[in-house]
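Peer 1: Okay, here's what each chain looks like letter by letter:
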Amino acid sequence: ETGVTQTPRHLVMGMTNKKSLKCEQHLGHNAMYWYKQSAKKPLELMFVYSLEERVENNSVPSRFSPECPNSSHLFLHLHTLQPEDSALYLCASSPSDSGGSTDTQYFGPGTRLTVL
Amino acid sequence: QKEVEQDPGPLSVPEGAIVSLNCTYSNSAFQYFMWYRQYSRKGPELLMYTYSSGNKEDGRFTAQVDKSSKYISLFIRDSQPSDSATYLCAFNTGGFKTIFGAGTRLFVKA
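Residue numbers (this note's numbering), protein chains in the order written: chain W, 3 to 118; chain R, 728 to 837.
Next comes chain W alone, as it looks inside the complex (with noise of 0.2 Å):
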């Protein structure tokens, strides 16, 4: 495997299911996202880990809750979520551990989440 990995390309799920996305980089780099990307809307970032600490989180609901256990992985944790969470989740990595504008994001194909 290469690049940046995710697992379920599909899901679909009751709102009563928990269910959890993972994420996968083999490029040795120090940052990993997670971005919501709904139909005709811009990315929103979710969360930011960088060397396995959470840096980022961007006001998302409780009912999403990320894990990073090392720095190659990282999973976002679903439970009780609306049909409105429906989406494209998106995991990237990037090489740094402080970000900035020429750290670039590598993504994965992402996560089609379907919410019955």
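No lab work stands behind these hints, which were simulated from the structure alone. These figures come from a predicted structure and were not determined experimentally. Among the clues, some could well be false.
[What the hints assert, rightly or not] Computed Cβ-Cβ distance ranges for the label pairs, DEER-style:
#1 R:LYS794 <-> W:ASN19: 46 to 56 Å
#2 R:GLY822 <-> W:HIS75: 36 to 46 Å
#3 W:ASN60 <-> R:SER755: 18 to 28 Å
#4 R:GLU784 <-> W:GLU86: 35 to 45 Å
#5 W:ARG65 <-> R:ARG768: 33 to 43 Å
#6 W:ASN19 <-> R:SER779: 31 to 41 Å
[Stated by the list, open to error] DSS-like, lysine-lysine: derived pairs with alpha carbons at most 30 Å apart:
#7 W:LYS43 <-> R:LYS794
#8 W:LYS43 <-> R:LYS769
#9 W:LYS24 <-> R:LYS769
#10 R:LYS836 <-> W:LYS43
#11 R:LYS783 <-> R:LYS729
#12 W:LYS42 <-> R:LYS783
#13 R:LYS769 <-> W:LYS21
#14 W:LYS43 <-> R:LYS824
All C-beta atoms, glycine included, are put in the ideal place defined by N, C-alpha and C.
Given the coordinates of chain W, work out where chain R should sit on it, guided by the hints.
Peer 2: For chain R alone, kept in the frame of chain W given last:
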């Protein structure tokens, strides 16, 4: 006023045409200007990156920044069907936070 404005399109052009994609922004603190390309069922990938006003060219692609007007553009010369994708403008002030436009969907017809 939205921090970033980008026309969602879709924009449909014939093969070989010159394509112009644009974004306006309101935050004067933006110093770094980027364009990402996103193919269907893929994540975005960085296409071009510029700092400060001016032009930057890379093959068929030219990125242009006008900080006085808070306006950035991406030009694609000799467009190809393989250029069909969604193009996202993006802005960074430093740190981890990048602000993205909603994306313009481009179709290049053979």
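Peer 1: If any of the earlier hints don't hold here, list their numbers in rising order.
Peer 2: 2, 5, 6
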